[in-house]
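Chemist: If you read the sequences in order, they're chains A and B. If you read the first sequence in my numbering, its first letter stands for residue 7, the second for the next number, and so on. If you read the second sequence in my numbering, its first letter stands for residue 7, the second for the next number, and so on.
Just so you know, not all the hints are guaranteed correct.
Because identical chains cannot be distinguished in the list, a pair is counted as satisfied if it fits within a single copy or across any two copies.
[To be verified] List time: in silico SDA-like cross-link candidates among lysine to any residue, alpha-carbon distance up to 25 Å:
| id | residue 1 | residue 2 |
| --- | --- | --- |
| 1 | 152 | 50 |
| 2 | 130 | 44 |
| 3 | 152 | 59 |
| 4 | 152 | 134 |
| 5 | 121 | 105 |
| 6 | 151 | 122 |
| 7 | 121 | 56 |
| 8 | 130 | 16 |
| 9 | 151 | 73 |
| 10 | 130 | 87 |
| 11 | 121 | 51 |
| 12 | 130 | 111 |
| 13 | 130 | 97 |
| 14 | 121 | 59 |
| 15 | 121 | 145 |
| 16 | 152 | 32 |
| 17 | 151 | 97 |
Hints are computed from structural coordinates only; laboratory data are not their basis.
Number of protein chains: 2
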Amino acid sequence: MTSRYFEDWTVGDSFETRGMTITESQIVDYAMRYDPQPMHIDRQTADAGPFGELIASGFHTMSVCFRLFYDMGYVAESNIIGLGLDEVRWTAPVRPGDTLRCTVEIVSLTPSRSKADRGTMSFKLTARNQDDIDVMHFTSTCILKKRSAAG
Amino acid sequence: MTSRYFEDWTVGDSFETRGMTITESQIVDYAMRYDPQPMHIDRQTADAGPFGELIASGFHTMSVCFRLFYDMGYVAESNIIGLGLDEVRWTAPVRPGDTLRCTVEIVSLTPSRSKADRGTMSFKLTARNQDDIDVMHFTSTCILKKRSAAG
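One chain only, chain A, in its complex shape (with noise of 0.2 Å):
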């Protein structure tokens, strides 16, 4: 893992995180907190309904692929601050037993006017599935440390 500065970046640049299983049980688990709708939660109710199976909460896929985002350790040590997101986008359903990997492309790098030591990136993170169906995605804006100030 080695974290990645502001300037280390640039407008372009992209990788792919490694994948992780959804399974029925982390569907349900997350969604009886924090989601707990019928598609989510209700196996019997989700199997007769539109998707034909249980499927796995938003908010839950956006987590789970935050994750796999921060598990690649390039923000480790060098952010400050997550500001916001944009344009989400819930593309197609995560059904159990699906594997996520998530590309993420640098969109935008803006040094602060007002602080000689950081500045903002923004990322866009794509989430697929096995079939490399897009079921996912979202531009993610965070404030990143320069390498001057690394502690």
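For chain A, the structure is supplied; the task is to place chain B on it using the hints.
Modeler: Chain B only, in chain A's frame:
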């Protein structure tokens, strides 16, 4: 809990959710799974950092606030699927012991052109803490059943 279908909403409708207190163990438990940055899991490092204590993962705050929204019951029977989120902004830190409650306002309603039994609804959710400070907002878009599709 009374579900509201597509026709039951008007742009400008708003409501407030109940509150929920975010504890330190919730912050650490969530972050250990999905967002294990030191600012979320390591009190010693967080105390010495820019926020002076642990803060919640933004993904955790989103998940908790979606649950507060869902628990109103308004879309329990009527929601078909979430499409996405726009302009997610984490505007102030969420700290252990903070109590969050959310204001929800309907911002758009668009009947489906291809399917007569449904329409698209967008709402803006704003989360505030016990000091009435905005900590997060986002706009969520979902497809709701019309009453004619109530099962």
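Chemist: Run every hint past the structure and note whether it holds.
Modeler: Against the structure, the hints come out as follows:
1. 152 x 50: between (52 Å within a copy, 23 Å between copies)
2. 130 x 44: Classified as between: cross-chain Cα gap 23 Å, same-chain 30 Å, threshold 25 Å.
3. 152 x 59: between (46 Å within a copy, 23 Å between copies)
4. 152 x 134: neither (31 Å within a copy, 32 Å between copies)
5. 121 x 105: Neither way: residue 121 and residue 105 sit 41 Å apart in one copy and 32 Å across, limit 25 Å.
6. 151 x 122: within (9 Å within a copy, 51 Å between copies)
7. 121 x 56: between (51 Å within a copy, 14 Å between copies)
8. 130 x 16: within (13 Å within a copy, 34 Å between copies)
9. 151 x 73: within (20 Å within a copy, 33 Å between copies)
10. 130 x 87: Both. Shortest intra-copy (17 Å) and inter-copy (23 Å) distances satisfy the 25 Å Cα cut-off.
11. 121 x 51: between (53 Å within a copy, 22 Å between copies)
12. 130 x 111: within (5 Å within a copy, 28 Å between copies)
13. 130 x 97: Classified as both: same-chain Cα gap 15 Å, cross-chain 21 Å, threshold 25 Å.
14. 121 x 59: Result: close only across copies, 22 Å inter versus 50 Å intra.
15. 121 x 145: within (23 Å within a copy, 30 Å between copies)
16. 152 x 32: Answer is neither: 37 Å inside a copy and 31 Å across each miss the 25 Å cutoff.
17. 151 x 97: between (33 Å within a copy, 19 Å between copies)
Comparing the model with each earlier hint shows violations of hints 4, 5 and 16; every other hint is respected.
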